[in-house]
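Participant: Residues per chain, in single letters:
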Amino acid sequence: MTAESLAPVAPSRVFAAILLRDLTVARRELPYFLVRTALQPILFVVVFGFLLPKMGMIPRGYSTTMLPGVVALSLTLSAIQSVALPMMQDFGFTKEIEDRLLSPVPIHLVAVEKVVSGVLQGVVAALFVLPVARLIMGPIAGLSFANAPLLLAVTVLGGAAFSAMGLYLGTGIAPQQIGLMFSVIVAPMIMFGCTYYPWAGLDHVPVMKWLVLINPLVYVSEGMRAALTPGLPHMPIPALLAALVVLTVFFMWVGLRAFDKRAMS
Amino acid sequence: MNAIETRSLRKVYPAPAVKKRRGAPAPPAPPSGGIVAIDSLDLTVNDGEFFGVLGPNGAGKTTLIGILTTRVRITAGEAMVAGANVASEPAAVRRRIGVVPQRPNPDRSLSVIENLVFHATYFGIARAEAARRGQELLERLGIADKANAKVDQLSGGQQQRLMIARALTHDPRVVFLDEPTVGLDPQARLSLWEILRELHGQGRTIVMSTHYMEEADQLCDRLAIIDQGKLLALDTPAALKAKAPGDTLVEVTFDGDASIAADAARAMDGVSNAEARGPLLRVFSRRGGEIIPVLIDAGEAHGRIVRDIHLSRPSLETLFISLTGRKLT
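First to last, the protein sequences are chains F and L. With my numbering, letter number 14 in the first sequence gets 14, and the count goes up by one each step, no holes. With my numbering, letter number 316 in the second sequence gets 316, and the count goes up by one each step, no holes.
You may find that some hints are simply not true.
[As the list claims (entries may be wrong)] Lysine-lysine pairs mimicking DSSO-like chemistry, simulated, CA-CA at most 30 Å apart:
{"#": "1", "chain 1": "F", "residue 1": "K95", "chain 2": "F", "residue 2": "K261"}
{"#": "2", "chain 1": "F", "residue 1": "K261", "chain 2": "L", "residue 2": "K230"}
{"#": "3", "chain 1": "L", "residue 1": "K150", "chain 2": "F", "residue 2": "K95"}
[Claimed, not checked] Covered by chain L, per the in silico footprint, the following chain F stretches (three or more residues, Cβ under 8 Å):
{"#": "4", "stretch": "13-25"}
{"#": "5", "stretch": "102-111"}
These are computed hints drawn from the structure, not numbers from a lab. Glycine included, C-beta positions come from ideal geometry on N, C-alpha and C.
Modelling step: build the complete structure from the supplied sequences, incorporating the hints.
Facilitator: In structure tokens form, the structure reads like this:
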């Protein structure tokens, strides 16, 4: 028995095995997952993209503005939740993550794996919401998929920034404060995240235009706008990509520090 | 090679932050320098040994196992497990150990067999081989009929077996069990003992913490008795029992402070030691229970009435009390 136990295991293999575990569990919970992360954006689409334009209370072109924001919202909400919720549960109550923390790799790999799995789940949610929104709102003027590389970059970077943020929130916040997390952090982030209006529109309220820049969601919404509806005004692409890279690095750094504190005493 | 070696091992947890409430008096200052959980501990566990760590709750058992399983950071000193350093080569240590936690923490999103298969793949074992080993372990531990059940459908004892199976899937050299029988009914405990004996018989090193004297006595080759993070005694159960005060422990509980009776007892013939802890009088007697009437008289002479009397023969329990002044459980 000793010969085998001494051989080191390739970290990539362990990483793949842990990722497969998360994807297996995620696939089983897919319906719940979609309801949890996609229902809210879809309800918004129904009201603001279908009902209000039908009533003539909102101009028809509004759906073009809103669609990228809704996709951004599904991506980020699901990425953040896919990491934060299991982290809170595992570290706070069930300790289920212990078996992975005892795997023969540096423990940071376990945290990075969660972030990667969060990105993948975010992509699934975005891919689900996009056609559903299009179906509810009808034809959308100016919608284009020609900009696929940018779309991919925004999706991956946005998912990474928000998964890393989920890592930080899930390990840095006490489980009792989970309700507070949603009402104090997530809700304002959605409202001031340029999801339902373009950043350029805030020209009317200059203070807000600069204040919302602390909101990570702004860059994902504007990035989706730049990728999906390039004809409409949006933030300069290099600026928003740079912001997403900085946010990913920042949240990964604080997230790993918080993770360390929970994983080892 | 030694399975485990620690040198001057020390763990200090930071003192918990004390919040001051408005209007409330200032809380007492926390102990400066934090809480010492392990204090200059030197231990050597031989390869293939069944090693017990015995101590009351809060003695530092879980911290010690946490350090040896790479989940608790060392403050000072050094620890080697299966030839790897826990601080500088934690991944190598984890490759060589299996851990059965104090409270079962199975992956509840997975079925029983999946718990084993996925765990094995975390150790680089191919899926087909993992499935074969998982099935074999479930059979060996007598829960093969639950292979496809949800973890929540297992009883406490069955979950504990699943944890043991999981700890064995990657064929570790050292198996750690942190108080594995706490919360199990007597039957489940006995069958767990059988499983542990079998593992030991295969030549695996087993390190088990417990606060049950009987368990330590029955299973372990050698025992470390620790309290407040310090090693108090280390030997085979037989040698430790031989070291126990050769006297019977007589415990008399009075209806009030027993210190006067303790003074009287110390002066008695055949008493090697006597001490009072509140209403409890502990006397080590060379004359067995013969001194009980005298002890009762001594108390009554000062107006104390006897509430309870207890006699213990020399055992690990009485050794522990003589070492620490405290009971194990």
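Participant: Hint by hint, say whether it matches the structure.
Facilitator: Results for each hint:
For the given pair, K95 (chain F) sits about 14 Å from K261 (chain F) by alpha-carbon distance, which is consistent with the 30 Å threshold. Between K261 (chain F) and K230 (chain L), the direct Cα distance comes to roughly 26 Å. Compliance with the 30 Å bound is thereby established for this hinted pair. Straight-line distance between C-alpha atoms of K150 (chain L) and K95 (chain F) comes to about 17 Å, which keeps the hinted pair within the 30 Å bound. For the stretch 13-25 of chain F, the assignment as covered by chain L holds, since 8 residues bring a beta-carbon within under 8 Å of that chain's beta-carbons and 3 suffice.
Only residues whose C-beta sits within less than 8 Å of a C-beta in chain L count toward coverage, and the stretch 102-111 of chain F has 6 of them, enough to reach three; the restraint holds.
Violated hints for the displayed structure: none, as all numbered hints are satisfied.
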